[in-house]
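Read off the chains here:
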Amino acid sequence: MKKLGIILIVIVVMIAIAADVMAQGKFITKNGHISFYSEAPLENIEAHNHEVLSIIDMEAKQVAVSMLMKAFAFEKSLMQEHFNENYVESDKFPKATFKGTFTAAESVDMSKDGVYAVEVSGDLTIHGITKPVTTQGTMEVKEGQVITKTVFKVALKDYDIEIPKVVVDNIAGEIEITVELQHAPLSS
Amino acid sequence: MKKNIRKYLVWVLIIGMSSIAFGAYMYNKPHRNIAWATPDYVRTATELYREFDEEEALANERYLNKVIGVKGTLSKIEINENVVLVLETGSAFGGIRCTMTPGQYQQLSTLEEGMEVEVKGVCTGMLLDVVLVQSVLVHPQ
Chain A
1 MKKLGIILIV IVVMIAIAAD VMAQGKFITK NGHISFYSEA PLENIEAHNH
51 EVLSIIDMEA KQVAVSMLMK AFAFEKSLMQ EHFNENYVES DKFPKATFKG
101 TFTAAESVDM SKDGVYAVEV SGDLTIHGIT KPVTTQGTME VKEGQVITKT
151 VFKVALKDYD IEIPKVVVDN IAGEIEITVE LQHAPLSS
Chain B
1 MKKNIRKYLV WVLIIGMSSI AFGAYMYNKP HRNIAWATPD YVRTATELYR
51 EFDEEEALAN ERYLNKVIGV KGTLSKIEIN ENVVLVLETG SAFGGIRCTM
101 TPGQYQQLST LEEGMEVEVK GVCTGMLLDV VLVQSVLVHP Q
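Quick mapping for you: the protein sequence lines, in order, are chains A and B.
Numbering-wise, our numbering puts 180 at position 180 of the first sequence, and it's gapless, one number per residue.
Numbering-wise, our numbering puts 52 at position 52 of the second sequence, and it's gapless, one number per residue.
Just chain A, with the same shape it has in the complex:
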């Protein structure tokens, strides 16, 4: 009877440790920074979103990023209106999301500060349209936080985003997206 008791205690403790370890694998930020930029003849298009939600699972090597389109702030009020009402139609499609996985050239050591080159692959959904995206970036472990950074380009027509030529006389129709997400451990 005593033996059974001891075995049970050991099992419970092991589960508790395992749960703790698994919880340690997840990191979150609710104020991630994503901005986009494109040169244009009249005025450069630039906007910043500081309310990006991102959850990263260091063990499963998965990321899930979510942001509200109306949280993108432009310098010019009129440009922000056009962006929301005409280009991305944020009333119909209030969010943009990215779900994917990452691989690092070397295994990430969470116990000490370091910077790692990573490749992130997954599905990017903007304006209701989902397309696969792969990009290179960095993952930095700093004082127990995980900072992910990447820069990549997106073709507006891939997501059915139409900007009149008068505003953007850009042959490529591409926009540069800069991502910086500083994750802290997710406390369960």
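Derived by calculation from the structure, the hints in this document are not laboratory data.
Honestly, I wouldn't trust all of these hints.
Claimed, not checked - DSS-like, lysine-lysine: derived pairs with alpha carbons at most 30 Å apart:
id: 1; chain 1: A; residue 1: Lys112; chain 2: B; residue 2: Lys76
id: 2; chain 1: A; residue 1: Lys92; chain 2: B; residue 2: Lys71
id: 3; chain 1: A; residue 1: Lys92; chain 2: A; residue 2: Lys131
With chain A's structure known, arrange chain B on it following the hints.
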């Protein structure tokens, strides 16, 4: 004949200049001043969260891009690029996140977690929390 043409040209000039001036104003028009704005809705943090949690599409239709006044208990103050006030909603999963406009340091520095506050800001939707941007502290002032 000459006099008529001249009058006509003067009018064309006036209308032309006004259009240009209007266009320039629109192009450069300032963002909504939230500090002066009367909220379109006033809700408690708990109510607002529940509306989004239960029927997000309906809440989006009602609240997106509107100025919302939110009353509640301050659960957290975050100092990031901007100051963020998080209001309790009774849910463990999310609160009301209000990104504050700069320039309110004096008022915000008196705040402590657990205080009853009222904030107004522009609703952008819900991720895990309901997110308000361009937020201004209404109470305490």
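Here's how the hints hold up against the structure:
Pair hint A:Lys112 plus B:Lys76 holds up; C-alpha atoms about 29 Å apart against a cutoff of 30 Å. For the suggested pair A:Lys92 and B:Lys71, the alpha carbons sit about 28 Å apart, so the restraint of at most 30 Å is met. Proximity of A:Lys92 to A:Lys131 is assessed by CA-CA distance (about 18 Å); at most 30 Å being required, the pair is judged to hold.
The structure agrees with every numbered hint stated previously.
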